[in-house]
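> For reference, the chains in residue letters:
Protein chains: 2
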Amino acid sequence: MYEDKARTEGSTLKEVFGYLDAHLKLVNSREDVSSPPSPRGFGQGGVLRGVEERLKRLGACTELCVVPFGQVLSSLSVVPVGQVLSSLPVVPAGQVLSSLPVVPAGPVLSSLPVVSVGQTYSHLLLAGLGEDPGKVTVLVHSDVDLQPTNRKDVHSHVDLQSTKRKYDDVSLLPWLHVVEAFQAVKQPLPINLKFLVTAAEGTAWEGVEQCLLTSKKRFLSDVRYSCITLDRSPGTRFPSVIYGLRGLCYFTVEVTGADDPSHSDAHSGVYGGVLYEPMGDLLFLLNCLVDERGKILVPGVLDDVVRGEEPPSRDAEPDVEELRSTLAVSRLAHKEDSRRLLLHLAWLPSLTVHAVEGAWSGPGARTTVPLRVKGHFSVRLVPDQTPDKVCLRFTEYLNKVHRHFRRSPNAIRVELTSSARPWVQDPDDPHLGAAQRAVRTVLGGSPILTRGGGSSKMAAVLQRVTVGSLVALPLDLNMGGLKVLAAYLHEVGQLDTNWH
Amino acid sequence: MYEDKARTEGSTLKEVFGYLDAHLKLVNSREDVSSPPSPRGFGQGGVLRGVEERLKRLGACTELCVVPFGQVLSSLSVVPVGQVLSSLPVVPAGQVLSSLPVVPAGPVLSSLPVVSVGQTYSHLLLAGLGEDPGKVTVLVHSDVDLQPTNRKDVHSHVDLQSTKRKYDDVSLLPWLHVVEAFQAVKQPLPINLKFLVTAAEGTAWEGVEQCLLTSKKRFLSDVRYSCITLDRSPGTRFPSVIYGLRGLCYFTVEVTGADDPSHSDAHSGVYGGVLYEPMGDLLFLLNCLVDERGKILVPGVLDDVVRGEEPPSRDAEPDVEELRSTLAVSRLAHKEDSRRLLLHLAWLPSLTVHAVEGAWSGPGARTTVPLRVKGHFSVRLVPDQTPDKVCLRFTEYLNKVHRHFRRSPNAIRVELTSSARPWVQDPDDPHLGAAQRAVRTVLGGSPILTRGGGSSKMAAVLQRVTVGSLVALPLDLNMGGLKVLAAYLHEVGQLDTNWH
Numbered sequence: 017m018y019e020d021k022a023r024t025e026g027s028t029l030k031e032v033f034g035y036l037d038a039h040l041k042l043v044n045s046r047e048d049v050s051s052p053p054s055p056r057g058f059g060q061g062g063v064l065r066g067v068e069e070r071l072k073r074l075g076a077c078t079e080l081c082v083v084p085f086g087q088v089l090s091s092l093s094v095v096p097v098g099q100v101l102s103s104l105p106v107v108p109a110g111q112v113l114s115s116l117p118v119v120p121a122g123p124v125l126s127s128l129p130v131v132s133v134g135q136t137y138s139h140l141l142l143a144g145l146g147e148d149p150g151k152v153t154v155l156v157h158s159d160v161d162l163q164p165t166n167r168k169d170v171h172s173h174v175d176l177q178s179t180k181r182k183y184d185d186v187s188l189l190p191w192l193h194v195v196e197a198f199q200a201v202k203q204p205l206p207i208n209l210k211f212l213v214t215a216a217e218g219t220a221w222e223g224v225e226q227c228l229l230t231s232k233k234r235f236l237s238d239v240r241y242s243c244i245t246l247d248r249s250p251g252t253r254f255p256s257v258i259y260g261l262r263g264l265c266y267f268t269v270e271v272t273g274a275d276d277p278s279h280s281d282a283h284s285g286v287y288g289g290v291l292y293e294p295m296g297d298l299l300f301l302l303n304c305l306v307d308e309r310g311k312i313l314v315p316g317v318l319d320d321v322v323r324g325e326e327p328p329s330r331d332a333e334p335d336v337e338e339l340r341s342t343l344a345v346s347r348l349a350h351k352e353d354s355r356r357l358l359l360h361l362a363w364l365p366s367l368t369v370h371a372v373e374g375a376w377s378g379p380g381a382r383t384t385v386p387l388r389v390k391g392h393f394s395v396r397l398v399p400d401q402t403p404d405k406v407c408l409r410f411t412e413y414l415n416k417v418h419r420h421f422r423r424s425p426n427a428i429r430v431e432l433t434s435s436a437r438p439w440v441q442d443p444d445d446p447h448l449g450a451a452q453r454a455v456r457t458v459l460g461g462s463p464i465l466t467r468g469g470g471s472s473k474m475a476a477v478l479q480r481v482t483v484g485s486l487v488a489l490p491l492d493l494n495m496g497g498l499k500v501l502a503a504y505l506h507e508v509g510q511l512d513t514n515w516h
Numbered sequence: 017m018y019e020d021k022a023r024t025e026g027s028t029l030k031e032v033f034g035y036l037d038a039h040l041k042l043v044n045s046r047e048d049v050s051s052p053p054s055p056r057g058f059g060q061g062g063v064l065r066g067v068e069e070r071l072k073r074l075g076a077c078t079e080l081c082v083v084p085f086g087q088v089l090s091s092l093s094v095v096p097v098g099q100v101l102s103s104l105p106v107v108p109a110g111q112v113l114s115s116l117p118v119v120p121a122g123p124v125l126s127s128l129p130v131v132s133v134g135q136t137y138s139h140l141l142l143a144g145l146g147e148d149p150g151k152v153t154v155l156v157h158s159d160v161d162l163q164p165t166n167r168k169d170v171h172s173h174v175d176l177q178s179t180k181r182k183y184d185d186v187s188l189l190p191w192l193h194v195v196e197a198f199q200a201v202k203q204p205l206p207i208n209l210k211f212l213v214t215a216a217e218g219t220a221w222e223g224v225e226q227c228l229l230t231s232k233k234r235f236l237s238d239v240r241y242s243c244i245t246l247d248r249s250p251g252t253r254f255p256s257v258i259y260g261l262r263g264l265c266y267f268t269v270e271v272t273g274a275d276d277p278s279h280s281d282a283h284s285g286v287y288g289g290v291l292y293e294p295m296g297d298l299l300f301l302l303n304c305l306v307d308e309r310g311k312i313l314v315p316g317v318l319d320d321v322v323r324g325e326e327p328p329s330r331d332a333e334p335d336v337e338e339l340r341s342t343l344a345v346s347r348l349a350h351k352e353d354s355r356r357l358l359l360h361l362a363w364l365p366s367l368t369v370h371a372v373e374g375a376w377s378g379p380g381a382r383t384t385v386p387l388r389v390k391g392h393f394s395v396r397l398v399p400d401q402t403p404d405k406v407c408l409r410f411t412e413y414l415n416k417v418h419r420h421f422r423r424s425p426n427a428i429r430v431e432l433t434s435s436a437r438p439w440v441q442d443p444d445d446p447h448l449g450a451a452q453r454a455v456r457t458v459l460g461g462s463p464i465l466t467r468g469g470g471s472s473k474m475a476a477v478l479q480r481v482t483v484g485s486l487v488a489l490p491l492d493l494n495m496g497g498l499k500v501l502a503a504y505l506h507e508v509g510q511l512d513t514n515w516h
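Chains as they are written, first to last, in my numbering: chain A, 17 to 516; chain B, 17 to 516.
It is possible that some hints are incorrect.
The list treats identical chains as interchangeable, and a pair is accepted whether it falls inside one copy or across any two copies.
What the hints assert, rightly or not - Once the Cα atoms are required to be at most 20 Å apart in a straight line, the calculated SDA-like pairs of lysine to any residue come out as:
| no. | residue 1 | residue 2 |
| --- | --- | --- |
| 1 | 311 | 403 |
| 2 | 351 | 419 |
| 3 | 416 | 307 |
| 4 | 390 | 300 |
| 5 | 311 | 411 |
| 6 | 311 | 300 |
| 7 | 151 | 73 |
Hint data in this document are derived by calculation from the structure and do not stem from the laboratory.
Whole structure, please, built from the sequences with the hints as guidance.
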């Protein structure tokens, strides 16, 4: 820690670090990004209003936007961006944050009208802290997850304090604490900071992209650097800075035996043997997707995977022992060769079948023949693969397999329910160097650059709608994560602002 | 209806039928076999005590037995059969039922101690009505299902009155009403009647069989004919009498990726591509069980299926149109050839995959890699197949496929969680003729003899533990089902009693 003391000596960072060290316990006892905690029932609007209040107390200008759902891209251009839902006046731009008193936290959310998540729109919160033309502007994207973190089957979220936190706010809360720290020690932020806050559950992502595109000249006009935070992935060498993420296609394939959708399941004693059972068809289809070594069997899907692309030598191979022990599996794939594991973790697509829905799933043993079953699977995409093309390939393939190989009269329906484009950044961008220096300042060592296996809807969107570069910082809040963010802002503030 | 009036003219049946006709509405308004209704919490013991009270009010001698669970067969011979749980004295044998006043129904159950279903024993209710040595003795087996009938996915139960009934009592309630009818018109039952009542949920079937074997000389000593009732199966020609049922092997196969059983699922973004995913293994295994035409692919499983056995001409082929419309499917298997459908409905084994357990099953889309998944499937067996041999074949096959073809390092575990032996009766037994005549008396036409596709644990057990023959009567309560039972008792009473 602090091995590169020269970098903090005499700088504002030292004071900020001191504050963060002193207040870490206080930080950990805070409950929720939208203080006071928003009950789940408040929905997306309510949660983002809570976040908005919190940001206003830090002195930010805010806009809570309404983003229409669905295929409304052409009509969206006439929807005024930043249709302000809250009745609060927009704080005039240009206010210097440090001169604003920090408003004491209080239960203001409950007095706001409750806006539930509708089927026709979602919300998007834009906020800005500072407009100093002598500083670069950094955009932070946070996705405030509306799902409670007590999901047993999702353990990819770092628990700042698992028992008290209501929402998955690891992507936003640390930033708020860092801003508070700069304000507390009465130091100006070294950059202009912008926040783009979404609420994952029920967000109309296409609408968000379109909304940002139309506001490119306004909200995004001065954004030079963007940053997202990720949970630290066990097994991956740390400290590190991420310059790419895989994309995602989430599919469902439904097999329907009964013509009447309301028809209940049959009984295997009475009808076992005379039906084309939908479950059999579904198992056949799902089993045709990927081989035992993880190779996707759908023709054409791998055509666009960049041939010969391999992790550069700077990308450290994973720690096989840690990976195996984190997953508690006896053996990893690809002969446990760390180089090949790195390749399959982020440089190649992967496919996972997540669930079979529609059959009974309670305790006990029921002898039903489900007449309507749905398989869930997703594909992680790598650069040069597009969700559209991958979706087309899978749809064609599954229909062909069903019709020509399975030859079942049951109906199938393939649906792409969610997608994210892959994102990869030029690893030579100076922005990544600044992020690496920030990590080294706090954690020491030589932070590596690497790509991640996960997906972020916004990463590729930000790459398209901004002119600048994006980094993803994997945070381990137990390992000085807040200080990494402070140091990152400091380092980016040192970069050449002459970029036009 | 009543086309064969000659058979009822001047007989006791005419009066019984008249009573049933007059009281049908009353019958339908009754709630539950164990009046007053037993809340689910009473468990098996409580429900069977309710049934016992009801039978006592009809004048029956009863014994509520305790049957140990599990592999205790050798020690069972020393457990005294009929260990009486209830403190009520056993009514002395030989009482003539019609001379007993019918005790008015009342809430007696609530005053009895609550006995919950334990892990170590289950209950079995034995009852007898009459011991006239000049009459044959008929044993009725009823399985009182403890599960509420509002299970959406089980629609094989005839709803006498779906909104009010608590338990699946179609196998017992009609018999009680018929006995009441004989008593109401002051006619003796034409036979001695015995009841063997089990409560499906949590019943120790092996223990029941052993218990019956040891009591063969006592409770079963005079039993000549046995009868079970089944729901009427749509598509099957009706009226009919069933002389055989398929057996059952219910399997689970679990694939475990993580060594630590408490380990939660992985995230496909972080780890997708480097794991031997258990779901992929499970899909592969389940897909190897049966082909698209329903043929079981496990070597040796079909070896014991009686070669060349085909439905005799008396077994009517199903109504293809009714079958297709009941199931609301566009096309049935086996080219919709009614003869082949009949073969596959009851003369050949079938296999159904019921569910995949262990993956998330709620709404939405989660990108987890489940590390522990379990497939549920069952096989319907036909005569000459035994659950033991079938279990061995499946276990060997799945382990071999996993080890030699899938070559996955994940652990698998195949378990036979439930089984029932197939049952088939000599179709020339005069007992079946009596049952056919009873059906014809009420419903007219020429009732066919056929075999059913379902399974009954007790059918094969009764065949082994009694010296007599068994029939299964498919009941349609909307079509004179109660009268069919009354006519059946009458017809069986006419059979030659000289059978020793």
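> Of the hints given before, which are not true for this structure?
Violated hint (a single one): 7; every other hint is consistent with the structure.
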